[in-house]
Amino acid sequence: MASRGVNKVILLGRLGADPDIRYLPNNGGKVVAIRLATSEVWKDQAKAKQEHTEWHRLVFFKKLADTAEQYLRKGSKIYVEGSLRTQQWDKNGEKRYRTEVVVRELQMLDRADENGAPRHSSQPSTPPTAANDAGLDEDFDDIPFF
Amino acid sequence: MLNKVTLIGNLGADPEVRYMPNGEAVASIRLATTMRWKDKQTGERKTSTEWHRVVFFRRLAEVAGEYLKKGSQVYVEGRLRTNKWQGQDGQDRYTTEIVAEEMHMLGSRSGGTANYSDNQPASSASRASGASSSEPPMQSAPPAYEDFDDDIPF
Chain W
0 MASRGVNKVI LLGRLGADPD IRYLPNNGGK VVAIRLATSE VWKDQAKAKQ
50 EHTEWHRLVF FKKLADTAEQ YLRKGSKIYV EGSLRTQQWD KNGEKRYRTE
100 VVVRELQMLD RADENGAPRH SSQPSTPPTA ANDAGLDEDF DDIPFF
Chain R
0 MLNKVTLIGN LGADPEVRYM PNGEAVASIR LATTMRWKDK QTGERKTSTE
50 WHRVVFFRRL AEVAGEYLKK GSQVYVEGRL RTNKWQGQDG QDRYTTEIVA
100 EEMHMLGSRS GGTANYSDNQ PASSASRASG ASSSEPPMQS APPAYEDFDD
150 DIPF
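Taken in sequence, the protein lines are chains W and R. The numbering of the first sequence is numbering that gives the first Met the number 0, which starts it at 0 and goes up by one. The numbering of the second sequence is numbering that gives the first Met the number 0, which starts it at 0 and goes up by one.
Careful, some of the hints might be misleading.
Derived list of chain W stretches under chain R, where covered just means 3 residues or more per stretch with a C-beta under 8 Å from a C-beta of chain R [stated by the list, open to error]:
(1) 7–19
(2) 35–47
(3) 52–65
(4) 72–84
The set of hints was computed from the structure by calculation and includes no laboratory data. By construction, the Cβ of each residue, glycine as well, lies at the ideal position given by its N, Cα and C atoms.
Chain R with its partners taken away, still in its complex shape (with noise of 0.2 Å):
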């Protein structure tokens, strides 16, 4: 059996970190990946942009709270996973969302990229310091995944 996620885009908010009650640290992103294509037909240039919600566990989850930003660029690897929950109608929700298990940085301005698995405690080298020179795919992405904003699902 496999379950396999591999995404390549850029975060929509700076990423939001909690800790556990025994202290190891969740992070969740929401991530844009843009498709761009030409429509066959008409010759239109397309894009269409798909968000995704990204959870990070443990050591992984304290490197994304800390070097990932709004507009950074990341490739993540990982599972996806449905959570069921209850809305205030107490009728079952479903969220699905892919839970990293590998996430490399990628658009450093340093030039460099930083490579984090879930499995190896992370060195502290490279910094990922160009958050800010890669453009996020939405400028109106809202600062939490609480403001449910029209064209975000999550």
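One chain only, chain W, in its complex shape (with noise of 0.2 Å):
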């Protein structure tokens, strides 16, 4: 018997836009999706300073949902542990596949300000520019969403 598997993803990065709020057909639910950007930094073999961002699209259903889509917004710094999942659909014939994190937990670590309301995104928090993430928002609105 095949054990069981696993299949879990950690990432520590910032939004690079505000949380995109959906609700599933027949009262199935808020479902709250975000991009996040990781960055990495190094340092090559002449000791210059390298610099790769990645994106990643990640979905909240339920309570989660609800959390995101309260609190996050462009810029903020977040902890998310998950699942990836792959989805497919059909465009003209062509099979069109997209990877995207289940978000099961949830730190938010941008600190709260005096009044205790969550930091807004728009201050030093600058996140990564997101030029080269507008062609996966465009491709993507053209798919069902689930």
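Take the two lone chains and join them into the complex the hints point to.
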């Protein structure tokens, strides 16, 4: 018997945009999607600083969706744990795939301000620019959300 | 910043190994992770299988190519990477894969496990001879990535 598998993702990064909120048909509940940037910095052989930003699509359901909608904003720094899921759909007879992280645990890492409200994003914590990510959104808009 | 993936699953097909012009090996596998749970309302047992594309580079790729087989059970640790490419219609497409940084072979019939990391030279010691002893999660897995199958996202 094949043993139980493990499918776990841990990410720590910043939101590239405000959360995208949608509702599943037939009272299926709320789904919140975000784009998260994780950056890697290293020195190459010539000791020059190199940086690479990776973009991830994250989705939240149920209570986590409420929390994400309420507190997360562009620039928010978060820690998440979740699992990978790849969705498939047809577009003009061609199969398309999209891999996303279904979040199971969320930790917000921005300090709350004096009022106890979460700090709004557009402050020093600027996220990496989402330049090469624009295409992602366009493409994703074509597909049924779930 | 953190970008970390941990998977334990079974290979849906033998690894595919290629070599770069500089002689470095690149291996890719399709890995199935299966989740099992019991439906709270109906008590029904359910399973769901997720397929992942995992790539290995250099020494780790050589080890993967040599020792992993269809059905092998493996632990992989790595990071997510999304590649952008263009379809025949000129539109952008994206493929997400896991770049493996550490790999442990599980389910060896000899009872041992072989652990390899991309950061250190692998010992040639324990051989994963038990590949055939673990069941592949899907019998109908295609032999190569190029043979896109209905159920498999790679």
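Verification of the hints:
no. : hint  : result
1   : 7–19  : holds (count 6)
2   : 35–47 : holds (count 3)
3   : 52–65 : holds (count 3)
4   : 72–84 : holds (count 4)
Violated hints: none; the structure is consistent with every hint.
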